[in-house]
Amino acid sequence: MQEILTFESFGALPFNTFGSRRGRRFLGFDKSAPSQSAFDERLQQKSNRLDLSELAVRALGDQGRRRFESFRRYPDGWGGGKGKQLSTASVAMFERFVRRVPDIGKVRPSLFLTFQGNLQLGWKDKEQRDIEIEFTPNRWEYYLESRDAEGSVTIEGMISFIEIVKPLID
Amino acid sequence: MPRPECSPDENIVRAIHAADWDEVQDQKSSQIFKGHNISVSRLAVLDLPELLQIFHRDLDTSPNGVIVGAGEINVGKLQEIGRTFQHPAALTVEIEPVEGNPAHAEIPQKISRGLALAIIRTLTFHKG
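So the sequence lines, in the order shown, correspond to chains D and H.
Quick note: the first sequence uses our numbering, first residue 113, plus one each step.
Quick note: the second sequence uses our numbering, first residue 378, plus one each step.
Hint data in this document are derived by calculation from the structure and do not stem from the laboratory.
A hint or two may mislead.
Ranges of calculated distance between the beta carbons of each label pair, as one might list FRET restraints [unchecked claim]: (1) Glu275(D) to Lys504(H): 17 to 23 Å; (2) Pro279(D) to Arg380(H): 41 to 47 Å; (3) Asn414(H) to Glu181(D): 30 to 36 Å; (4) Asp260(D) to Thr501(H): 24 to 30 Å; (5) Arg259(D) to Pro381(H): 23 to 29 Å; (6) Lys504(H) to Gln240(D): 37 to 43 Å; (7) Thr499(H) to Pro187(D): 40 to 46 Å; (8) Lys504(H) to Arg241(D): 24 to 30 Å; (9) Met378(H) to Ile271(D): 20 to 26 Å; (10) Arg259(D) to Asn414(H): 44 to 50 Å; (11) Pro381(H) to Glu275(D): 17 to 23 Å; (12) Thr501(H) to Glu166(D): 37 to 43 Å; (13) Pro214(D) to Arg434(H): 25 to 31 Å.
C-beta: ideal position from N, C-alpha, C; glycine also.
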């Protein structure tokens with residue numbers, strides 16, 4: 113759990129550096145790692161931010177941006193007590209997706225918030241078949257109707273997954 | 378002791394949160410039906426206005442994340458969708474009244490993301 117939190121708190125790291133020296137340092141396996149207090153401070157700063165990048169705002173369009181702004185205000189316990197507050201780690205995973213698939217805005221995906229506090233995108237392809245991707249703190253969970261595929265990918269599988277998703281964006 | 382099952386002739390409704398329905402683009406999230414022990418309510422016991430009142434009372438726990446309506450489906454149709462889905466699932470709707478909602482029932486089986494979206498496509502939506 114600590115590893116996931118640590119990694120996600122530095123969501124700006126390009127994901128292909130995961131496992132590199134730089135990545136391991138932040139995962140706490142390197143003697144030159146920043147002090148715990150410095151880490152805590154950065155984690156706190158990160159957790160106080162729930163903003164979207166310009167790229168993400170463009171991808172979502174006005175409606176998606178409005179929904180994101182609304183989701184930011186959902187408190188813990190929304191939806192009859194079950195819903196969790198929007199997860200900063202999920203936002204970081206969503207941003208990671210948008211950076212890799214900047215053309216996602218072409219399909220104007222709908223933005224959702226799950227009870228787990230995760231962002232999720234949903235849209236339909238040219239044949240009106242469903243595509244859904246939920247951004248959990250440590251993986252993307254997906255459903256691609258055209259491929260009858262449902263599952264999840266961790267950080268190592270994201271590049272391959274993106275190659276599958278890109279043709280579904282035209 | 379097994380719970381009694383709803384008849385396939387009955388219709389049920391599921392509360393829908395604003396977070397799960399992009400009304401402008403009319404896109405719904407699988408979260409409406411995805412998971413285990415999905416709560417539904419039986420229209421054979423309470424009518425839609427009564428159920429919407431219960432949904433708002435029990436689920437609008439903050440000004441954000443409110444209920445925006447309900448999705449209605451026939452139990453037999455729900456079961457047919459489960460049977461004919463690419464990865465079939467034998468769905469049941471089990472009667473489980475709770476305090477404050479005598480119409481409450483549950484679908485105990487796990488509903489996948491894909492199956493949930495197939496169910497959602499056939500829902501009749503009621504705003505309210």
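### Query
Taking each numbered hint in turn, which are not upheld by the structure, reported in ascending numerical order?
Violated hints (numbers, rising): 1, 5, 6, 7, 9, 10, 11 and 13; every other hint is consistent with the structure.
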